[in-house]
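Colleague: For the protein sequence lines, the chains are X and W, in the order given. Residue 153 in this note's numbering sits at position 153 of the first sequence, and the numbers go up by one each step. Converting from the second sequence to this note's numbering requires adding 313 to each position, the first position being numbered 1.
Don't read these hints as lab results, they were simulated from the structure. All values derive from a computational prediction rather than experimental measurement. Any given hint could be a false lead.
[Said to hold, decoys possible] The list that follows gives simulated cross-link-like pairs (lysine-lysine, DSSO-like), each with its CA atoms no further than 27 angstroms apart:
#, chain 1, residue 1, chain 2, residue 2
1, X, Lys88, W, Lys735
2, W, Lys402, X, Lys89
3, X, Lys108, X, Lys88
4, X, Lys108, X, Lys89
5, X, Lys23, X, Lys88
6, X, Lys88, X, Lys67
[What the hints assert, rightly or not] Computed Cβ-Cβ distance ranges for the label pairs, DEER-style:
#, chain 1, residue 1, chain 2, residue 2, range
7, X, Lys88, W, Arg834, 27 to 35 angstroms
8, W, Arg834, X, Thr19, 16 to 24 angstroms
9, X, Ala181, W, Asn640, 30 to 38 angstroms
10, W, Ile621, X, Glu194, 58 to 66 angstroms
11, X, Ser124, W, Ile621, 51 to 59 angstroms
[Claimed, not checked] Here are some chain W residues the structure puts well away from chain X; computed CB gaps all over 10 angstroms:
#, residue
12, Ile320
13, Arg323
14, Asp327
15, Met348
16, Gly375
17, Glu382
18, Pro481
19, Thr575
20, Ala648
21, Met760
22, Ala803
Glycine included, C-beta positions come from ideal geometry on N, C-alpha and C.
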Amino acid sequence: MLEPVLTLENVSKTYGEFTAVDKINLQIPRGSVYGFLGPNGAGKTTTLRMILDIIRPTSGRIAILGKPSALHVRQRIGYLPEEKGLYKKMRVNGLIAYFARLKGLDKKAAARRADQLLSSYGLSDFSSARVEALSKGMSQKVQVLAAVAHDPELVILDEPFSGLDPVNQQVLESLIRNLSANNQTVIFSTHIMEHAERLCDQILLITNGKKIFDGTVAEARELIPRRVMLETASDVSGLQQLDSVARVSAAEDEAGVDPRWWVEITGNAHPQDILKYCFDTDIALNRFEYAEPSLHDVFVDLVGASAGEHRFR
Amino acid sequence: MTVIRLIAWREYMDNVRTRGFWIGILLIPVMLIGMYLVQSSLARTSPIRYYMLIDQSGDYRGAVDSAIELEYQRQVLQAFVNYLLDNRKERDLELTAVNATNAADQLVEDVGASDAAALSEWIDSGGLDFALTLTAPYLREDAPPFVSPRRSFIEAPLPDEVDTSAPPGRIVEQLRPYLRGDQDVTVNGVSGELFALILIPENVNQHILRPGVMPAEPGNRYAGVQYWGRNQADPRLSNAVERSINASIRNDEFARNGVSTTLINTIQRTRLPVAKLDPLANEGEEAVSMADTFRQYAPMMFVYFMFIALMQSVQYLLTNTIEEKSNRILEVLLASVTPNELLMGKMLGIGLGSLTTLAAWLLTLFLFLTLYDSAETNTLADIIGITLSSGLVPWFLFYCLAGYALYAGIFLAIGSLCNTLKEAQGLMVPVIVAMIIPITVTPFVVMDPNGSAFRAMSWFPLFTPYLMMNRAASNPPLIDVVGTTLVLVASIALVLWLSGRVFRQGLLRTGQPPRTLELLRMLTSRS
């Protein structure tokens with residue numbers, strides 16, 4: 001594995017009695033796209049703020065780009081906070097250039113970079129518009145551009161997709177891919193699994209401040225068993241005997257003409273085995289469906305009931 | 314440092330782009346100058362007042378006429394003094410009655426010392442003609458000729474139908490349309506509103522009041538001279554009438570009692586001057602001039618100026634921080650800059666904005682004084698000249714900067730804790746009060762600059778800039794100067810340090826502003 005850009009060791013944050021983040025351990029390799037997933041109030045934003053040293057952890061240790069505090073390497077980090085806001089009176093290009101200059105670019109380079117970013121992402125026409133004239137989605141795009149204007153090694157985006165329409169979500173996805181292709185590390189938080197599934201090399205799943213998983217998306221999928229859905233009027237109890245079947249259960253929430261069943265299959269087994277058995281034993285199938293578990297399934301499975309209880313700080 | 318400069322410059326440009334900034338720069342001087350011009354032109358063009366006089370007693374017409382003439386001469390004298398101030402060869406506020414060397418200055422100083430005496434002197438010596446001859450050599454060559462002010466009080470002829478021998482009630486009844494303003498009077502072809510009717514009934518002398526003697530008809534509201542007029546807000550005519558009729562009655566009384574009225578007049582004009590002398594001045598220059606008085610009051614001007622400057626900048630600082638907080642910009646900034654850099658940048662940028670405003674005001678004032686040449690503006694220019702040459706400017710600069718740093722630190726911290734101006738109000742009140750207390754005592758400090766109460770108050774850092782500025786002209790004890798400066802500088806360092814912590818924690822805060830205990834925790838906690 002490459003040298004990590006970010007390491008968290010037992011990082012916790014408590015506010016009085018309330019534990020927002022509980023002993024998180026994490027390593028993020030250089031050049032990866034890393035997703036922070038979790039329900040609302042899980043502690044994603046708090047963790048990101050601690051990584052940026054905007055708030056200090058109550059305990060634990062953070063190493064970011066080889067330094068103990070993000071403040072030492074702030075010129076190498078780009079950040080888009082969850083609460084998005086911009087200087088309303090500034091012009092779009094001036095604003096991007098301003099943030100780039102705060103990160104150490106000189107005046108000319110900052111202006112050049114702002115123009116280049118705006119034209120790459122289809123915003124040239126608004127280059128000299130005032131921020132207050134932009135739509136919400138557009139100003140969010142501008143803010144993302146402002147966060148990456150100085151070509152940071154590490155880009156941290158907190159809920160970058162929220163509030164964007166599907167087209168702009170696509171634009172943002174391609175921006176993240178471009179960053180990754182450029183060997184820039186991207187960390188972003190979201191509670192929309194599809195984005196994470198498409199973009200992330202690795203993910204962190206947290207809920208109630210606790211880490212419940214970190215690893216690749218494929219590894220996450222393996223956390224829950226693969227399953228096949230059958231719809232049949234025939235008796236399926238015989239399936240239970242097969243080596244490749246772990247469990248058969250009624251799919252009560254799935255309505256069909258005939259009863260539906262979930263058949264969980266074991267580690268190396270192939271769904272084909274189930275189909276073959278059905279043919280052999282004359283089980284009349286109305287429906288046979290096999291799909292890889294999605295991140296959404298994993299999320300719902302792991303976070304489960306607690307995802308419903310939104311915790312507000 | 315680069316980051317602070319960037320933030321400061323952005324704040325400055327942001328400020329400059331707001332409408333409020335330009336309103337502050339343009340509108341306030343325009344309004345002040347406009348007010349000044351309107352006021353001075355109003356004072357110059359007082360309207361003509363027409364009055365009617367009916368003297369049934371036959372005793373007082375002369376007195377009223379001379380009273381009105383005297384009132385007019387007073388105006389001429391005043392106008393002539395202003396003319397001299399505008400047009401004499403040299404203007405010098407260092408002048409006193411003692412060192413005035415020429416006739417023009419002498420006249421100006423005499424009027425300043427006692428106008429009543431100067432007025433009778435003026436009339437006795439022949440009034441305007443004499444004064445013009447006397448002062449002509451001391452006027453500038455290009456001085457325009459003196460134009461006498463027009464008369465303010467002109468007697469209107471009685472309408473033909475009025476019978477002057479009728480009872481007063483009947484006369485008033487006949488003149489009522491004029492008194493109400495329904496009908497105008499015409500004098501020399503010009504018509505105007507009747508301002509007043511002075512009606513002196515035949516039996517008026519029965520109503521003369523004497524100490525120890527009961528009034529002839531107690532409770533009679535019409536007893537004595539009747540002055541009928543809708544506008545009682547301009548008392549010049551009624552006062553002049555009352556004064557002159559009473560002077561005439563007293564003269565009669567003097568005569569009846571065998572006292573010479575000439576003697577009385579002479580005695581009434583006898584006076585002893587009081588010389589105001591300054592023990593600190595060089596020998597021969599001890600007489601206190603106008604300039605000396607201004608010099609003593611100069612710190613007050615600086616204090617008020619400082620107050621205006623500080624008020625406007627810290628207010629802006631506060632609203633700006635709150636706005637930025639509610640706009641959610643701060644978190645992005647905090648990933649790029651430290652809270653302290655942000656604090657310093659804001660202080661610098663907004664301070665710079667205030668300096669620009671002040672500079673623009675001063676420039677406007679300077680242009681106004683240069684371009685609009687009149688006695689008043691010349692005097693104002695002289696006063697400002699004296700104030701600037703009083704050696705107080707370095708003090709002013711120091712206390713202004715120190716005051717700004719101190720108050721800005723506090724207001725920034727407050728701003729960082731609040732999401733709306735309304736929330737900030739509660740926290741602001743004590744600071745605003747602390748700012749206003751030294752302003753309210755300013756005039757008293759001038760009178761007793763080294764009084765023990767003011768000495769003690771000067772040590773409270775929030776008061777120090779104002780009070781020490783206020784006392785700067787009166788040689789405060791060295792211990793006060795050095796001590797309060799040290800305390801002030803230490804307080805600034807402390808306030809900025811503490812504000813930095815509150816700022817850091819307050820910036821990301823949402824919801825209600827903190828309670829006192831929470832605030833204390835913020836100030837003392839490590840993170």
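Colleague: Could you run down the list of hints and mark each one as holding or not?
Modeller: Structure-based check of all given hints:
A threshold of 27 angstroms between alpha carbons decides the hint, and for Lys88 (chain X) with Lys735 (chain W) the separation of about 22 angstroms falls inside it, so the pair holds. A threshold of 27 angstroms between alpha carbons decides the hint, and for Lys402 (chain W) with Lys89 (chain X) the separation of about 55 angstroms lies outside it, so the pair is violated. The suggested pairing of Lys108 (chain X) with Lys88 (chain X) holds, with an alpha-carbon distance near 23 angstroms, which does not exceed 27 angstroms. The straight-line distance between the Cα atoms of Lys108 (chain X) and Lys89 (chain X) is roughly 22 angstroms, inside the 27 angstroms bound, and the hint therefore holds.
Distance check on the hinted pair: Lys23 (chain X) and Lys88 (chain X) sit about 39 angstroms apart at the alpha-carbon level, beyond 27 angstroms; violated. A threshold of 27 angstroms between alpha carbons decides the hint, and for Lys88 (chain X) with Lys67 (chain X) the separation of about 34 angstroms lies outside it, so the pair is violated. Here the CB-CB span from Lys88 (chain X) to Arg834 (chain W) is close to 34 angstroms, well matched to the stated 27 to 35 angstroms. Separation of Arg834 (chain W) from Thr19 (chain X) is about 19 angstroms and conforms to the stated range, judged on CB atoms against 16 to 24 angstroms.
Distance hint check for Ala181 (chain X) and Asn640 (chain W): the Cβ-Cβ separation is about 33 angstroms, which falls inside the suggested range of 30 to 38 angstroms. As the Cβ distance of Ile621 (chain W) to Glu194 (chain X) is approximately 59 angstroms, the hint placing it in 58 to 66 angstroms holds. Against the hinted window of 51 to 59 angstroms, the Cβ-Cβ separation of Ser124 (chain X) and Ile621 (chain W) comes to about 46 angstroms, which falls outside the hint. Not every CB of chain X is more than 10 angstroms from the CB of Ile320 (chain W) (nearest about 8 angstroms), against its label as outside the interface.
Listed as a non-interface residue, Arg323 (chain W) fails to keep its Cβ farther than 10 angstroms from every Cβ of chain X; the least gap is roughly 6 angstroms. The Cβ of Asp327 (chain W) does not lie farther than 10 angstroms from every Cβ of chain X; its closest approach is about 6 angstroms, which violates its non-interface assignment. Once the 10 angstroms rule is applied to beta carbons, Met348 (chain W) is consistent with being away from chain X; the minimum gap is 32 angstroms. No beta-carbon of chain X comes within 10 angstroms of the beta-carbon of Gly375 (chain W); the shortest separation is about 75 angstroms.
For Glu382 (chain W), the condition that its CB be more than 10 angstroms from all CB atoms of chain X holds, with the nearest at approximately 66 angstroms. With a least CB separation of 73 angstroms from chain X, Pro481 (chain W) remains clear of the 10 angstroms interface cut-off, as annotated. In this structure Thr575 (chain W) is separated from chain X by more than 10 angstroms, as the shortest Cβ-Cβ distance comes to about 79 angstroms. Distance to chain X contradicts Ala648 (chain W) as a non-interface residue, since its nearest Cβ pair spans about 4 angstroms, not more than 10 angstroms.
The non-interface label for Met760 (chain W) is consistent with chain X: the shortest C-beta to C-beta separation is roughly 48 angstroms, beyond 10 angstroms. Once the 10 angstroms rule is applied to beta carbons, Ala803 (chain W) is consistent with being away from chain X; the minimum gap is 28 angstroms.
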